[in-house]
Amino acid sequence: MDFLLEPWPWFIGGPLIALSLFLYFYFGQNFGASTNFETLCTMAGAGKVSDYFKKDWKQRDFALLFVMGLIIGGFISAYFLVPNPAIDLNPTTVEELTDIGFSNVGETYFPAEIFSDDVVFSLKGFLILILSGVLIGFGTRYAGGCTSGHAITGLSSLQFPSLLAVIGFFIGGIIATWFIIPIIF
Amino acid sequence: MVYNPNYILGMKNIKFLFLGIFFAIVLSKTQAISWYRFYEMFKFQSFHMFGIIGGAVVISMIFMQLFKKGIIKDNNGNKIVPKQKKKGFIRTVLGGTFFGLGWGISGACAAPIFVILGFKLMPALILLVGAILGAFFYGLLSKKLPN
Numbered sequence: 000m001d002f003l004l005e006p007w008p009w010f011i012g013g014p015l016i017a018l019s020l021f022l023y024f025y026f027g028q029n030f031g032a033s034t035n036f037e038t039l040c041t042m043a044g045a046g047k048v049s050d051y052f053k054k055d056w057k058q059r060d061f062a063l064l065f066v067m068g069l070i071i072g073g074f075i076s077a078y079f080l081v082p083n084p085a086i087d088l089n090p091t092t093v094e095e096l097t098d099i100g101f102s103n104v105g106e107t108y109f110p111a112e113i114f115s116d117d118v119v120f121s122l123k124g125f126l127i128l129i130l131s132g133v134l135i136g137f138g139t140r141y142a143g144g145c146t147s148g149h150a151i152t153g154l155s156s157l158q159f160p161s162l163l164a165v166i167g168f169f170i171g172g173i174i175a176t177w178f179i180i181p182i183i184f
Numbered sequence: 000m001v002y003n004p005n006y007i008l009g010m011k012n013i014k015f016l017f018l019g020i021f022f023a024i025v026l027s028k029t030q031a032i033s034w035y036r037f038y039e040m041f042k043f044q045s046f047h048m049f050g051i052i053g054g055a056v057v058i059s060m061i062f063m064q065l066f067k068k069g070i071i072k073d074n075n076g077n078k079i080v081p082k083q084k085k086k087g088f089i090r091t092v093l094g095g096t097f098f099g100l101g102w103g104i105s106g107a108c109a110a111p112i113f114v115i116l117g118f119k120l121m122p123a124l125i126l127l128v129g130a131i132l133g134a135f136f137y138g139l140l141s142k143k144l145p146n
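Line order of the protein sequences matches chains A and B. All residue numbers for the first sequence refer to numbering that gives the first Met the number 0, where the first residue is 0 and numbers rise by one. All residue numbers for the second sequence refer to numbering that gives the first Met the number 0, where the first residue is 0 and numbers rise by one.
Honestly, the hints are just simulated from the structure, not real lab data. Among the clues, some could well be false.
[Claimed, not checked] Pairwise CB distance ranges (calculated):
1. A:F178 <-> B:L120: 24 to 32 Å
2. A:I166 <-> B:K142: 19 to 27 Å
3. B:P145 <-> A:S49: 12 to 20 Å
4. A:D116 <-> B:N77: 42 to 50 Å
5. B:D73 <-> A:W177: 36 to 44 Å
6. B:V80 <-> A:L122: 44 to 52 Å
7. B:G76 <-> A:I179: 46 to 54 Å
8. B:Q83 <-> A:I166: 17 to 25 Å
9. A:I183 <-> B:S141: 25 to 33 Å
10. A:K53 <-> B:N74: 24 to 32 Å
11. B:K11 <-> A:K47: 25 to 33 Å
[Stated by the list, open to error] Computed far set for chain A versus chain B, every beta-carbon distance over 10 Å:
12. D1
13. D55
14. W56
15. G100
16. S102
17. K123
For each residue, glycine too, the CB sits at the ideal point set by N, CA and C.
This is chain A alone, in the form it adopts within the complex (with noise of 0.2 Å):
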């Protein structure tokens, strides 16, 4: 039981993700996640507005299927699985978002200053999570995938595309981390 309660080390992530990525293909399919969100466009009419989105849905069932497995796994391991949220954080870290205006820093997975309820219904943490949101759609389905499709299926299976992708992913991650975060907080 200790090893379900217990945050699981660095290294039995790579190994169980690999193994998720190999399930996922030997059922016949191949591993990603982006483009469940053109999916849902289609699924929410899309396609009466843009051809783009003229496709069957039903032929992506399995993904959709896989999505509400991301969704039932993420509130039996919110519920049951994380008694322990803290996050063991380099000292750096902390100081520097401390610095920045963060409390608490690394006692839970999510930061209240983004994520808790009286900052998601004010207009700047409104905007912050939206705009977000929408430049992870946008960006994914323009590069052709995101981290799972990407970073791990694309490199793995030596695509160049997907190395320019994962270069792209780190200027972006950069420039928001190293300047966009300190700006609006």
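Put chain B on the given structure of chain A with help from the hints.
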């Protein structure tokens, strides 16, 4: 019929539901959905996420070689061939940069958004609506964007 559990459990692809649950638990337990973990990754202040992603890539490479040589086939006996990614310097680097910006600020990439719904329902819903809108904007503009 859809509401009959036997109907759902009898579906050919139901295994993907269980795979999704497993994947979500792996991401949650290894803290790979935590905002802080991605912040420290992009600031190069911790090895944790590099270890997870790097480890996943290295082990997946071995699987990919076994797929390529046909040593492991899928459960229908077909050869496993990963889809070829779309080529194009601008689309991959610029699209990747947009995604990286959203990921760096919100600490969420595509799969974790769905997992975070269980932890932080409202913020994750807003992220998800944003991501669906973003994919919609991409679809509208896809023919006009440089490759």
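Consistency of the hints with the structure:
no.: 1; hint: A:F178 <-> B:L120: 24 to 32 Å; in the structure: 30 Å, holds
no.: 2; hint: A:I166 <-> B:K142: 19 to 27 Å; in the structure: 25 Å, holds
no.: 3; hint: B:P145 <-> A:S49: 12 to 20 Å; in the structure: 19 Å, holds
no.: 4; hint: A:D116 <-> B:N77: 42 to 50 Å; in the structure: 48 Å, holds
no.: 5; hint: B:D73 <-> A:W177: 36 to 44 Å; in the structure: 42 Å, holds
no.: 6; hint: B:V80 <-> A:L122: 44 to 52 Å; in the structure: 48 Å, holds
no.: 7; hint: B:G76 <-> A:I179: 46 to 54 Å; in the structure: 49 Å, holds
no.: 8; hint: B:Q83 <-> A:I166: 17 to 25 Å; in the structure: 19 Å, holds
no.: 9; hint: A:I183 <-> B:S141: 25 to 33 Å; in the structure: 30 Å, holds
no.: 10; hint: A:K53 <-> B:N74: 24 to 32 Å; in the structure: 31 Å, holds
no.: 11; hint: B:K11 <-> A:K47: 25 to 33 Å; in the structure: 30 Å, holds
no.: 12; hint: D1; in the structure: 12 Å, holds
no.: 13; hint: D55; in the structure: 15 Å, holds
no.: 14; hint: W56; in the structure: 13 Å, holds
no.: 15; hint: G100; in the structure: 14 Å, holds
no.: 16; hint: S102; in the structure: 13 Å, holds
no.: 17; hint: K123; in the structure: 12 Å, holds
Taken one by one, the earlier hints all hold for this structure without exception.
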